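*Asks:* With these hints in hand, go ahead and build the complete structure from the sequences.
4 protein chains.
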Amino acid sequence: MIPSHSFVLTISCADAPGIVAATTACLFERGGNILDAQQFNDLETGRFFMRVVFAVVDHAGGSIQDLRRGFDAVAAHFSMHWSLRSQADRRRVMILASRPDHCLNDLIYRWRTGELPMDICAIVSNYPRETYGLATIGDIPFHMLPVSRETRMQQEAGIWRLVQETGTDLVVLARYMQILSDGLAAKLFGRCINIHHSFLPGFKGARPYHQAHERGVKLIGATSHFVTAALDEGPIIEQDVERISHRDTPEDLVRKGRDIERRVLARAVHTYLDDRVILNGRKTIVFS
Amino acid sequence: MIPSHSFVLTISCADAPGIVAATTACLFERGGNILDAQQFNDLETGRFFMRVVFAVVDHAGGSIQDLRRGFDAVAAHFSMHWSLRSQADRRRVMILASRPDHCLNDLIYRWRTGELPMDICAIVSNYPRETYGLATIGDIPFHMLPVSRETRMQQEAGIWRLVQETGTDLVVLARYMQILSDGLAAKLFGRCINIHHSFLPGFKGARPYHQAHERGVKLIGATSHFVTAALDEGPIIEQDVERISHRDTPEDLVRKGRDIERRVLARAVHTYLDDRVILNGRKTIVFS
Amino acid sequence: MIPSHSFVLTISCADAPGIVAATTACLFERGGNILDAQQFNDLETGRFFMRVVFAVVDHAGGSIQDLRRGFDAVAAHFSMHWSLRSQADRRRVMILASRPDHCLNDLIYRWRTGELPMDICAIVSNYPRETYGLATIGDIPFHMLPVSRETRMQQEAGIWRLVQETGTDLVVLARYMQILSDGLAAKLFGRCINIHHSFLPGFKGARPYHQAHERGVKLIGATSHFVTAALDEGPIIEQDVERISHRDTPEDLVRKGRDIERRVLARAVHTYLDDRVILNGRKTIVFS
Amino acid sequence: MIPSHSFVLTISCADAPGIVAATTACLFERGGNILDAQQFNDLETGRFFMRVVFAVVDHAGGSIQDLRRGFDAVAAHFSMHWSLRSQADRRRVMILASRPDHCLNDLIYRWRTGELPMDICAIVSNYPRETYGLATIGDIPFHMLPVSRETRMQQEAGIWRLVQETGTDLVVLARYMQILSDGLAAKLFGRCINIHHSFLPGFKGARPYHQAHERGVKLIGATSHFVTAALDEGPIIEQDVERISHRDTPEDLVRKGRDIERRVLARAVHTYLDDRVILNGRKTIVFS
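Chains as they are written, first to last, in numbering that gives the first Met the number 0: chain F, 0 to 287; chain Y, 0 to 287; chain H, 0 to 287; chain U, 0 to 287.
These are computed hints drawn from the structure, not numbers from a lab. Heads up, some of the hints might be wrong.
[What the hints assert, rightly or not] Think about it this way: if two alpha-carbon atoms lie no more than 30 Å apart in a straight line, the pair counts; the simulated DSSO-like pairs of lysine-lysine are: (1) H:Lys203 to H:Lys186; (2) F:Lys255 to Y:Lys255; (3) F:Lys255 to U:Lys203; (4) U:Lys255 to H:Lys255; (5) U:Lys255 to Y:Lys282; (6) H:Lys255 to Y:Lys203; (7) H:Lys255 to F:Lys282; (8) U:Lys282 to F:Lys255; (9) Y:Lys203 to H:Lys282; (10) U:Lys255 to F:Lys255; (11) F:Lys282 to U:Lys203.
In this text, all values refer to a predicted model and were calculated from it rather than measured experimentally.
*Replies:* So this is what it looks like as structure tokens:
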């Protein structure tokens, strides 16, 4: 339903009177018509957040550069962190995977069906391409970057080089079974999404489904979050759970968990691609 | 977290460029600082919807009358349906009940705990006060208005008189087992909420849990909607479901359903009291 | 966790005292040790249902034939409908699909990962193989059986021939966009599962997501059921829902619905393959 | 639907061949007809669990004493932990509460409506009766047992005395804000249920909703578990969650949490009263 010449503007700044008025006036003057917008004022932190989807009804006016130039003054005045993107422009996404392929498969399927509006610029794995079968990868550039305790830093250097060469906007860890170094995590902060196979903060670290089985919980879940140096502590984007019973073995939980993981990761990536998630310290604002 | 001098403005009008800019500029000029706002543009119907919660940081300025006066010009220019309310002002709510008392009890409990910011100006039932026990009603004005096929119109006249005398803003049908006449439904349109004990549009009419059991569905639900002349067809505000199994008898469904009904009705009433629901033809906009 | 020499016995019969005693005594005498069992007595219909998973701890004893022979007397005495299957034996499954491929893809993926213990003996579509890409189908026998109003009966004859030739145990309609004739539906009764893209009984028939959008419901769902002559009226096996909002266009509902559909269909097929679903008139018993 | 002369038998013992056969044969010989039964064999621990609901169709025969006597031999042979209860006999339940009254209210309401088939033999609080209002308590014996760091042991002695005097079968901690000593926890093991206001194992200890807000989770939950010496570590009976957003303040979480808490606690108590929960080490078997 979104007209092709629509844009999305996201803003985060210290709260102050007149932000919305100044922003929307600026858009209005440039022929912008608001299709969907949400604002949120975090009274705890004093931060203000805004997402606006608008269509430029009069083309005569403006390219996105004009819009950007026009908004610069407003942004500067409120010292905003902001981004303006044409909804026609697709993000460049790199997917990192290991042996489990359900999230990788799912992301690729949703990309092929157009559900995830992105360009997959690279798939990187520490396993060979055959792990996934021709089918899955197709003609997406595939890079095997094996890793061992000794070679970890070189391997990460390789990943970083690829990120730069491919102009990657977003890195998705699709059940990538390696922990990123603090260095790489820092470089990718705010543009690297992981899926953890538990309902965080419960069951951090390894084999969460076995931990869940051991503890006898009645629901299992998955959590998608931004990657930070602190393992499994990054800002949470999306979570979901499903009911289990005493009849479920750890293997059953792993099987049921795959469904939750791929659903939660796909939602988180979709949220990101749609500019609905904005960082708020250790947390996220996710506009519905 | 909401400052005591905060207001909520809701708007619905035909879409046009500049609505948000004009509205927020108007609020800004009167010292309004936006705490939370959402806009939505229904591209199908061309209707625009907006909800703004704002605090008047500078008291010097304005009473709500000043704010209203100030906004009149903007509202007129875009021919808006709009409402401006101080969040300190409580709605006057009339609850209609019959023999089942779980929704009545639940609403009263949530009111006593302050969860539902409203004044209960009257409880009307076609059953005597004893049906509910002293406990429940306490000192809330209670009116027994018995009804039979013959006396239906007089009884409804009595309800309408009470609505006017008490200055009722919202009528809640808390499992009230009588069908309102088209006339009364029309008079109360947009300010009368019902809870139907099924996941509409499935199982309309009588004994929905028995219908659900008969059909063998695996989930049962409840639906809260605005009352219209067309039975069970009003705009839906909130719905929820729960999983059931072949072991559940119709009696089990009724029991489990009570939980869903009271939860769904309470959410719908809360949404209304918080000015989050706006009519959009046969449907509703519910801002999160 | 299930030992390789485990069996599953399912029973349905008129209730009578001693069924469980006689059944379990018979298994015990033949060295069967019960791993998991559930019984249910439908007091409405007077039907009794039982599912027993047991391991034959002493191999010396018995082949499945011996077990069957041994149980015949018990089964005859209570005039049971019953089935005894080695959990090592895989069902032969035929998948029918049309243009939408998300359910087909999902079933194949779950089969490849071993999540669905079945043999896919054929994929039948009224669209050419290219619709799905090499990837999806791989070396699974694919049959294109185009259909038009005129050729419908011949096409169904072709499907039936394939069912017989391949020894198909279960036919899965994976968003197959054709309505089976009463004749074929009757022939496949109890072994043909469909996924309907709505939370039945709401929104039967065509374009349910558009109906749901039109009605303004707050949750959408999907329903997997046995196919019967009466369209969308077959015994329900599994259902699930997800929350939506006024922001969701019909296209969004279709997208979100794909997730629910594939999840619900996969669960229903898994339930069937695990002998957890037993017909009870217009309804099903689904043992957890 | 359960005939009035129905009984429920629960069993837990080391697995061995013939348990179900011996048990059901014994019931059959005494005229027992099985209405609902479930068995589970925990292959990890080698423990076997069984729940049988049966009706004694022939009254002539037996009292529950006869049934017990009759079953003793079977139970002894397999060294079972077992219980046999007439479904007509109600458990005696003591509720412990503190200032928050939503769970207390909810349990009492469900008891008054007959949803929870129990006798409330005492309400114990460290707050005065007025905290709850006449309404709530009615004529249920109420005992105020104030507590301070110094008087804790005496207060617990008072609780224990009451448990014995009243013949309490089950103690329910309905948001009781005191931690039981190891001694009392041990004495009440297996018959004391607590509601913790988080989705354990996440957010143990104090102010879990504030912890959840701090962490920025997208779902909050509640957990009902048996009380053990290890705080918040007891075997889990039931859990549930609800979706929240960045808009929710800690106060909103507390409000939304109350709904989850009372729902989860009520389900756990209902499960217990219906003999559906059996301890399995640190975990529980909960038959559906």
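*Asks:* Is the hinted pair Lys255 (chain U) and Lys255 (chain H) satisfied, with a Cα-Cα distance of at most 30 Å?
*Replies:* Judged against 30 Å, a Cα distance of about 26 Å means the pair holds.
*Asks:* With a cut-off of 30 Å on the C-alpha distance, tell me whether Lys255 (chain U) and Lys282 (chain Y) pass.
*Replies:* holds (26 Å)
*Asks:* Within a Cα-Cα threshold of 30 Å, do Lys203 (chain H) and Lys186 (chain H) meet the stated pairing?
*Replies:* holds (23 Å)
*Asks:* Below or equal to 30 Å on CA atoms is what counts here, so check Lys282 (chain F) against Lys203 (chain U).
*Replies:* holds (20 Å)
*Asks:* Quick one, are Lys255 (chain U) and Lys255 (chain F) close enough, alpha carbons at most 30 Å?
*Replies:* holds (27 Å)
*Asks:* Are the Cα positions of Lys255 (chain H) and Lys282 (chain F) separated by 30 Å at most?
*Replies:* holds (26 Å)
*Asks:* Please verify whether Lys255 (chain H) and Lys203 (chain Y) have alpha carbons no more than 30 Å apart.
*Replies:* holds (26 Å)
*Asks:* Decide if the proposed pair is consistent with the structure: Lys255 (chain F) and Lys255 (chain Y), CA atoms, cutoff 30 Å inclusive.
*Replies:* holds (26 Å)
*Asks:* Run the distance test for Lys203 (chain Y) versus Lys282 (chain H): straight-line Cα separation, threshold 30 Å.
*Replies:* This hinted pair holds, its Cα atoms lying about 20 Å apart.
*Asks:* Can you confirm whether the C-alpha distance between Lys282 (chain U) and Lys255 (chain F) stays at or below 30 Å?
*Replies:* It holds: about 20 Å lies between the C-alpha atoms, which stays within 30 Å.
*Asks:* Has the given pair, Lys255 (chain F) with Lys203 (chain U), been kept, meaning a C-alpha gap of at most 30 Å?
*Replies:* It holds: about 26 Å lies between the C-alpha atoms, which stays within 30 Å.
Of the hints listed earlier, there is not a single one the structure fails to meet.
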